[in-house]
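As they're listed, the protein sequences go chains D and F. FYI, in the numbering used here the residues of the first sequence are 10 to 405. FYI, in the numbering used here the residues of the second sequence are 10 to 405.
If you are wondering where the hints come from, they were derived from the structure by calculation, not from laboratory data. Some clues are possibly wrong.
Because identical chains cannot be distinguished in the list, a pair is counted as satisfied if it fits within a single copy or across any two copies.
Stated by the list, open to error - Straight-line Cα separation of at most 30 Å, DSS-like style, residue types lysine-lysine; simulated pairs:
| id | residue 1 | residue 2 |
| --- | --- | --- |
| 1 | Lys172 | Lys19 |
| 2 | Lys319 | Lys308 |
| 3 | Lys19 | Lys62 |
| 4 | Lys85 | Lys19 |
| 5 | Lys19 | Lys84 |
| 6 | Lys205 | Lys325 |
| 7 | Lys172 | Lys204 |
| 8 | Lys22 | Lys261 |
| 9 | Lys288 | Lys62 |
| 10 | Lys85 | Lys308 |
| 11 | Lys319 | Lys92 |
| 12 | Lys205 | Lys19 |
| 13 | Lys288 | Lys92 |
| 14 | Lys85 | Lys22 |
| 15 | Lys92 | Lys358 |
| 16 | Lys392 | Lys205 |
| 17 | Lys84 | Lys54 |
| 18 | Lys402 | Lys197 |
| 19 | Lys22 | Lys84 |
Protein chains: 2
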Amino acid sequence: MEYILSERVKTLKPSAIREIFKYAADPSVVSLSAGNPAPEAFPVKQIAEISNKILTENPTAALQYSVTEGYPPLKKAIWEYMKKTYNIGTENDELLITSGAQQAMDLITKSTVNEGDTVICEAPSFIGSLNSFRSYNARLCGIPLENDGMNIECLENALKNEKNVRFIYIIANFQNPSGVTTSLQKRKKIYELAKKHNVMILEDNPYGELRIRGNDVPAFKSFDTDGIVAYVGSFSKVLSPGMRLGFTIAPKDIVQKMIVCKQGEDVHTNIWAQMVAEKFMTEYDFGAHLKHLRDIYRKKADFCMGLLDKYLVPNKISYQPIDGGLFIWCRLPDGADMVNFCRQAVQRKVCVVPGNAFLTDESEQCSCFRINFSTPTDEQLEKGIKILGELAKEVL
Amino acid sequence: MEYILSERVKTLKPSAIREIFKYAADPSVVSLSAGNPAPEAFPVKQIAEISNKILTENPTAALQYSVTEGYPPLKKAIWEYMKKTYNIGTENDELLITSGAQQAMDLITKSTVNEGDTVICEAPSFIGSLNSFRSYNARLCGIPLENDGMNIECLENALKNEKNVRFIYIIANFQNPSGVTTSLQKRKKIYELAKKHNVMILEDNPYGELRIRGNDVPAFKSFDTDGIVAYVGSFSKVLSPGMRLGFTIAPKDIVQKMIVCKQGEDVHTNIWAQMVAEKFMTEYDFGAHLKHLRDIYRKKADFCMGLLDKYLVPNKISYQPIDGGLFIWCRLPDGADMVNFCRQAVQRKVCVVPGNAFLTDESEQCSCFRINFSTPTDEQLEKGIKILGELAKEVL
Numbered sequence: 010m011e012y013i014l015s016e017r018v019k020t021l022k023p024s025a026i027r028e029i030f031k032y033a034a035d036p037s038v039v040s041l042s043a044g045n046p047a048p049e050a051f052p053v054k055q056i057a058e059i060s061n062k063i064l065t066e067n068p069t070a071a072l073q074y075s076v077t078e079g080y081p082p083l084k085k086a087i088w089e090y091m092k093k094t095y096n097i098g099t100e101n102d103e104l105l106i107t108s109g110a111q112q113a114m115d116l117i118t119k120s121t122v123n124e125g126d127t128v129i130c131e132a133p134s135f136i137g138s139l140n141s142f143r144s145y146n147a148r149l150c151g152i153p154l155e156n157d158g159m160n161i162e163c164l165e166n167a168l169k170n171e172k173n174v175r176f177i178y179i180i181a182n183f184q185n186p187s188g189v190t191t192s193l194q195k196r197k198k199i200y201e202l203a204k205k206h207n208v209m210i211l212e213d214n215p216y217g218e219l220r221i222r223g224n225d226v227p228a229f230k231s232f233d234t235d236g237i238v239a240y241v242g243s244f245s246k247v248l249s250p251g252m253r254l255g256f257t258i259a260p261k262d263i264v265q266k267m268i269v270c271k272q273g274e275d276v277h278t279n280i281w282a283q284m285v286a287e288k289f290m291t292e293y294d295f296g297a298h299l300k301h302l303r304d305i306y307r308k309k310a311d312f313c314m315g316l317l318d319k320y321l322v323p324n325k326i327s328y329q330p331i332d333g334g335l336f337i338w339c340r341l342p343d344g345a346d347m348v349n350f351c352r353q354a355v356q357r358k359v360c361v362v363p364g365n366a367f368l369t370d371e372s373e374q375c376s377c378f379r380i381n382f383s384t385p386t387d388e389q390l391e392k393g394i395k396i397l398g399e400l401a402k403e404v405l
Numbered sequence: 010m011e012y013i014l015s016e017r018v019k020t021l022k023p024s025a026i027r028e029i030f031k032y033a034a035d036p037s038v039v040s041l042s043a044g045n046p047a048p049e050a051f052p053v054k055q056i057a058e059i060s061n062k063i064l065t066e067n068p069t070a071a072l073q074y075s076v077t078e079g080y081p082p083l084k085k086a087i088w089e090y091m092k093k094t095y096n097i098g099t100e101n102d103e104l105l106i107t108s109g110a111q112q113a114m115d116l117i118t119k120s121t122v123n124e125g126d127t128v129i130c131e132a133p134s135f136i137g138s139l140n141s142f143r144s145y146n147a148r149l150c151g152i153p154l155e156n157d158g159m160n161i162e163c164l165e166n167a168l169k170n171e172k173n174v175r176f177i178y179i180i181a182n183f184q185n186p187s188g189v190t191t192s193l194q195k196r197k198k199i200y201e202l203a204k205k206h207n208v209m210i211l212e213d214n215p216y217g218e219l220r221i222r223g224n225d226v227p228a229f230k231s232f233d234t235d236g237i238v239a240y241v242g243s244f245s246k247v248l249s250p251g252m253r254l255g256f257t258i259a260p261k262d263i264v265q266k267m268i269v270c271k272q273g274e275d276v277h278t279n280i281w282a283q284m285v286a287e288k289f290m291t292e293y294d295f296g297a298h299l300k301h302l303r304d305i306y307r308k309k310a311d312f313c314m315g316l317l318d319k320y321l322v323p324n325k326i327s328y329q330p331i332d333g334g335l336f337i338w339c340r341l342p343d344g345a346d347m348v349n350f351c352r353q354a355v356q357r358k359v360c361v362v363p364g365n366a367f368l369t370d371e372s373e374q375c376s377c378f379r380i381n382f383s384t385p386t387d388e389q390l391e392k393g394i395k396i397l398g399e400l401a402k403e404v405l
């Protein structure tokens, strides 16, 4: 039989990162291409304790069908935490638990974007979200990212000239892949532009809790007096990605439609995971856990940046120092063949992600690559970055 | 701000069942409207044992990111079980783990249905799937369901006359809501028609393992020599719905696109749940567990049908006896006002689901309602059905 595929998936491809993962599965390869939390960051003992307690005291609730909106005590815990810690959430907003933050991107797109409508995003940006937008046939419009956020002039032009712009997608803290944090000044400016053009902001914040130095910059959602921001949070980096737990806090009208879409997508999110997260937030010292995570990642990030200073910078590869998150964005000198550099790195058994994978059009020119420091061990980091340095010395 | 919603969600509504659930939450109400497995059907002790073992021996794997396709040992266990038990799966097929069977419906629709394309389904059919199809702006074409499956003449006409039919959606065993099992003869006929018209069959089989008497009828997928059937299975009724675990076995070309869509939808399914299911299938006596479930449901179904014979049948409400599944379809006499009957039942604190909720067009006439016997206790069943009988005596 000749299979007929929908127009929206005909051109969809697995992400380039996934293809690279195939090499990374070879145990002799040093993978700097993943985005996994450090294994030592998982609160294994507490999760086992909580899980045991739930399956002893309340097994039926953890195994039975639940409501699409999410486990009410978890919704309450997140709502209170976000309000108190970040001033996020108003009486016009509603909270929805999602199966990872990824599902929030999917549900918001499904609820607000017609085929052919435009989504504005940072260039580069997170592939998973871009693919989610693409899967609804959204037209992607990338705005060049500077060291303090989107280029405002380009954003303004896009908002003026693009048709049917539905939202601006921003990872404002320690962006994936660039590591950039959007400045408060730019956040305010972007907010005003979005408001003026009647366009929503989709604020994706998976790394916000992983700040290793400096002060938090207020979230878009914290000054959203006009109800134009949909905020998305995640438990993947602060608890466990395998649990697939995320949430959105967004205007009620949008969330109501997202709930109906979620009902048709997976009915509800795994309820055991929701119960574990709730107990972890309310019966354990969540603040101390976050501090512990920041300590782990500060150490790993600083170690990694030290290696970059030692092996790459002297060999013409520059990078933007980071204040948090899991990624560092490295830049080859102008004119260097980045894709070829990444390919040769793989031949020497080091995987990094070529930067063009994060562009709205993968065929565009890009001189950067992304490395991750949370997944590899210190030994692997040193080995991998040293090899990249040797390669750079030879070919750049 | 005025929120702009996509065309596909503008007319989407929460399912009628969910609205009824709001009444059912009142503890003084007897709910015969749910579809939850009986709480005593959960293998709580085994799940707790397995979970404990996983979180002790292999916590990182249970908490870390995993692959979109599904946990390889679980894929292997399901593949072998389905092949051995039901002769399902060929070398041209691939297996994908989904976040509940519901997600398989979503992914198949996303991968194969353009907006405005047609999906043929049984009338009545499962609301969750219909809403999933609707959420991609599919046009639904309902084929009247008879006691042994779809009306073949109507199906043939639909396949001839409808444009861009993408698949035929069938719950062939103990259908929700009707309880009907499609006969082998009709399965063969439907398969031939689908093949002739180059249309896929989406075979949804959440209840197949819950046969309480008689012999299994071969699945469409078991004689799918032409690669036109996508089979969907679920762990919701045989292990736990709260875990959100399902799977599809379908032609590789389709599954490959479903995987890319799943990546953008939730990255992967909760991995702890996948690991638990795998150990339960391979290290415990899965067959004995299924037998235990069938014993539970046989007893409950027979008890329920006894009550229907006692209280409803003498009061002009007929029903179709069932051989499995969780639902019984009750029919009021011609001309009776079914919606009003259900409303009056709610006032007397008994919830059933009005049959029109399961039609492709809810405004169509329907004289049936659905009752569920797996969720209520025996006492609740007796109380609820007795009240329905009293109501029937008064108003029919």
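Comparing the hints with the structure gives:
Proximity of Lys172 and Lys19 under a CA criterion of 30 Å is satisfied in both settings, with 23 Å inside one chain copy and 20 Å between copies. In this assembly of identical chains, the alpha carbons of Lys319 and Lys308 lie at most 30 Å apart only when taken from the same copy (17 Å versus 73 Å across copies). In this assembly of identical chains, the alpha carbons of Lys19 and Lys62 never lie at most 30 Å apart, being 47 Å within a copy and 43 Å across copies at closest. In this homomeric assembly, Lys85 and Lys19 come within 30 Å of each other (Cα to Cα) only across copies, at 29 Å, whereas the closest approach inside a single copy is 41 Å.
Proximity of Lys19 and Lys84 under a CA criterion of 30 Å is satisfied inter-copy only: 26 Å between copies versus 37 Å inside one chain copy. In the homo-oligomer, the alpha carbons of Lys205 and Lys325 never lie at most 30 Å apart, since the shortest distance is 43 Å inside one protomer and 63 Å across protomers. Proximity of Lys172 to Lys204 under the C-alpha cut-off of 30 Å is restricted to the intra-copy arrangement: shortest distance 16 Å within a copy versus 42 Å between copies. Proximity of Lys22 and Lys261 under a CA criterion of 30 Å is satisfied inter-copy only: 15 Å between copies versus 33 Å inside one chain copy.
Both within a single protomer and between protomers do Lys288 and Lys62 lie at most 30 Å apart by alpha-carbon distance, with minima of 10 Å and 21 Å respectively. Taking CA atoms no more than 30 Å apart as the test, Lys85 paired with Lys308 passes in neither setting, with 33 Å inside one copy and 40 Å between copies. For the identical chains of this complex, Lys319 and Lys92 are neighbours neither inside a copy (43 Å) nor across copies (56 Å), given an alpha-carbon limit of 30 Å. Proximity of Lys205 and Lys19 under a CA criterion of 30 Å is satisfied inter-copy only: 24 Å between copies versus 35 Å inside one chain copy.
For the identical chains of this complex, Lys288 and Lys92 are intra-copy neighbours only, at 19 Å inside a copy versus 41 Å across copies, given an alpha-carbon limit of 30 Å. In the homo-oligomer, the alpha carbons of Lys85 and Lys22 lie at most 30 Å apart only across protomers (25 Å), although the nearest pairing inside one protomer, at 38 Å, exceeds that limit. When the C-alpha separation of Lys92 and Lys358 is checked against a cutoff of 30 Å, the pair qualifies neither within a copy, at 46 Å, nor between copies, at 39 Å. For the identical chains of this complex, Lys392 and Lys205 are neighbours neither inside a copy (50 Å) nor across copies (60 Å), given an alpha-carbon limit of 30 Å.
Taking CA atoms no more than 30 Å apart as the test, Lys84 paired with Lys54 passes in both settings, with 24 Å inside one copy and 28 Å between copies. In this homomeric assembly, Lys402 and Lys197 never come within 30 Å of each other (Cα to Cα): the closest approach is 43 Å inside a single copy and 67 Å across copies. Taking the shortest Cα distances, Lys22 and Lys84 sit within 30 Å of each other only across copies (23 Å), while inside one copy they are farther apart (35 Å).
Against the hints set out earlier in the document, violations occur for numbers 3, 6, 10, 11, 15, 16, 18.
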